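The hints should help you fit chain B onto chain A, whose structure is shown.
2 protein chains.
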Amino acid sequence: MTIRIGLLGYGTVGKGVIEIIHSHQERIQALLGEPVEVTGVLVQHLKKKREIPSSILVTSDFDRLLLQDIDIVLEAIVGEEPSFTYCKKAIEQGKHVVTANKEMYAIHGKELKELASKHSVSVGYESTTVAGTPVIRTLQQLLQVNQVEKVEGILNGTSNFILTKMRQDGTSFEQSLKEAQQKGYAEADPTNDIKGYDAFYKLMNISELLYGKQPNWDDVYVEGIDRVDPTQILEASFMDKKIKHVATIEWKDGDVRASIQPISLTEHHPLYSIDGVQNGVVIHTDLAGPLTLSGPGAGASSTASGMIEDFITIFQQSYNNVHQFQ
Amino acid sequence: MTIRIGLLGYGTVGKGVIEIIHSHQERIQALLGEPVEVTGVLVQHLKKKREIPSSILVTSDFDRLLLQDIDIVLEAIVGEEPSFTYCKKAIEQGKHVVTANKEMYAIHGKELKELASKHSVSVGYESTTVAGTPVIRTLQQLLQVNQVEKVEGILNGTSNFILTKMRQDGTSFEQSLKEAQQKGYAEADPTNDIKGYDAFYKLMNISELLYGKQPNWDDVYVEGIDRVDPTQILEASFMDKKIKHVATIEWKDGDVRASIQPISLTEHHPLYSIDGVQNGVVIHTDLAGPLTLSGPGAGASSTASGMIEDFITIFQQSYNNVHQFQ
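Here the protein sequences come in this chain order: A and B. Under UniProt numbering, the first residue of the first sequence carries the number 1, and numbering increases by one thereafter. Under UniProt numbering, the first residue of the second sequence carries the number 1, and numbering increases by one thereafter.
Here chain A stands alone, though its shape is the one from the complex (with noise of 0.2 Å):
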């Protein structure tokens, strides 16, 4: 029987689902055992003219997708709503939920996992957090038995390049954004970058993860890269250090503590390397030691790749119960 996917946003990231979907098909295939198709995507004008098979409903109703008889929602839309109406509908509906979306997960992920649960179904949301890179399922697949101490993240790719460019070019804050800009890394407006929140969000979603809980959000010290200026990024260099925006989780006297801020580091530190928009965490455990992941935090393949990983694992689950030991 074929999986039905369906699609909630057509963006870069949407786009790069299909596309991904269509590419390996084949390995898809072999890894679930079955075909899979995107059955149905959600728009928000459906006048725009796009490049989608005739094969796949187009729509702006999501209670018309619904009614595709799909297995699983991909969503790659933005901002708390519509989002967390859709997914909340979906798994209510029996449908397992894949999201890209780390404000709306970072809200009510806590409330959309223990829904799945009461409806047997899975949800996903790798990709809430440096995209592809795995990040999430090492937390949860890879690391069971050792404790996570602490975890230090350079979580936002915008804010990187800018601190990187600043310190190689000796450019001021406000040239370097425009820079990011031009590339296509920093939105029009692009407050939830430099000011910190999409860092924020991201470190929400770990902490739910490792902890079963967030801190109280009033409580975390977030600070951007708005007010970093050349001089302290020179300053740092003379002491071969470097300024890079780190956000910081870890259990400490009996609760959750996190922050976000820009901070100096030494080259002894794991996240010193990692330049321009590379994300990268360190992950702190008391049996493996420090353990540090690194890779792209952005960009549609990438985000694509994690969200189509988490359905992997999902429908895989599923497939090994049924086919045991093979």
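Hints listed in this document are in silico derivations from the structure and should not be mistaken for laboratory results. Watch out, some of these pointers could steer you wrong.
Heads up, the list lumps identical chains together, so a pair's fine if it works in one copy or across two of them.
Keeping only pairs whose Cα atoms sit at most 30 Å apart, straight-line, the calculated DSBU-like set for lysine-lysine is [claimed, not checked]: (1) LYS150 / LYS113; (2) LYS241 / LYS183; (3) LYS150 / LYS15; (4) LYS150 / LYS183; (5) LYS49 / LYS15.
This structure is a prediction, so every number in the text was calculated from the model and none was measured.
Then chain B, alone, in the frame of chain A:
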């Protein structure tokens, strides 16, 4: 019902395994739904004084260990034999196996995997490669749709320590090796490390996993670090480069190509910043981009940690197959 472990070897890693099972008993039980105990330990010399609880059988007779009704064998001895014979026998009697033995697994891994499949048991081998840093399980579980085009790795901590020392302190190869031995990183006979054989075995295990085959061993160019002299390192430093011992494996022209040799890297290479006894790999994927994973590549706690995480994964599969969707 209690899950019963037979442990092979009581060196630093074997001790580490017992320690973790003791210290993390509650967590392990929460993960698997059952208590876990080390039922017996196989040692080479029975007369040696050891602090092992009297409830655990200590024997030098493998068959006697197998008679203890164990569910899984954790193998922490070195060298091809008798490790292979033990693992084979265990699998044939329906026991799962987790091994940390890179040499044995590079030679017999494929055979053991096939045998395990026939007997409906699993083989875990995370700790054969970069100890508890989850390189194997990242490739195995987290990158399924992604095609891995190439893996580059610093796979031997002793070599990396020596090269780092030579660059930082300007010491000779011999002096640096001596220091590695004093610190307990290098064996009394350091041949396997400095000639590249240790990295070679690890690379072969990665090859088997990625491509289901290994290159012809004679076709792999293997050069150790024993001919690197301080002048080369100094010259590299002048050009802001570092000489690193890099193992590379890729699929090219219809076959697997592998090499292991000292090469000089610029600061833009993700392995450039991996210094000292740290190990790391760059996984070049077609969708998620290049991912870098680094951490301790040796050490009792890290190696034992990788074995226990393997152990958890194996039993969790069975557990989840019973308690689906919880």
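Consistency of the hints with the structure:
In the homo-oligomer, the alpha carbons of LYS150 and LYS113 lie at most 30 Å apart inside one protomer (23 Å), although the nearest pairing across protomers, at 36 Å, exceeds that limit. Taking the shortest alpha-carbon separations for LYS241 and LYS183, both the intra-copy value of 26 Å and the inter-copy value of 28 Å come in at or below 30 Å. Proximity of LYS150 to LYS15 under the C-alpha cut-off of 30 Å is restricted to the inter-copy arrangement: shortest distance 26 Å between copies versus 35 Å within a copy. Taking identical chains as interchangeable, the C-alpha atoms of LYS150 and LYS183 lie at most 30 Å apart only when they sit on different chains, with a minimum of 27 Å there against 33 Å within one chain.
Taking the closest pair of Cα atoms, LYS49 and LYS15 come within 30 Å of each other only inside a single copy of the chain (13 Å); across copies the shortest separation is 65 Å, beyond that limit.
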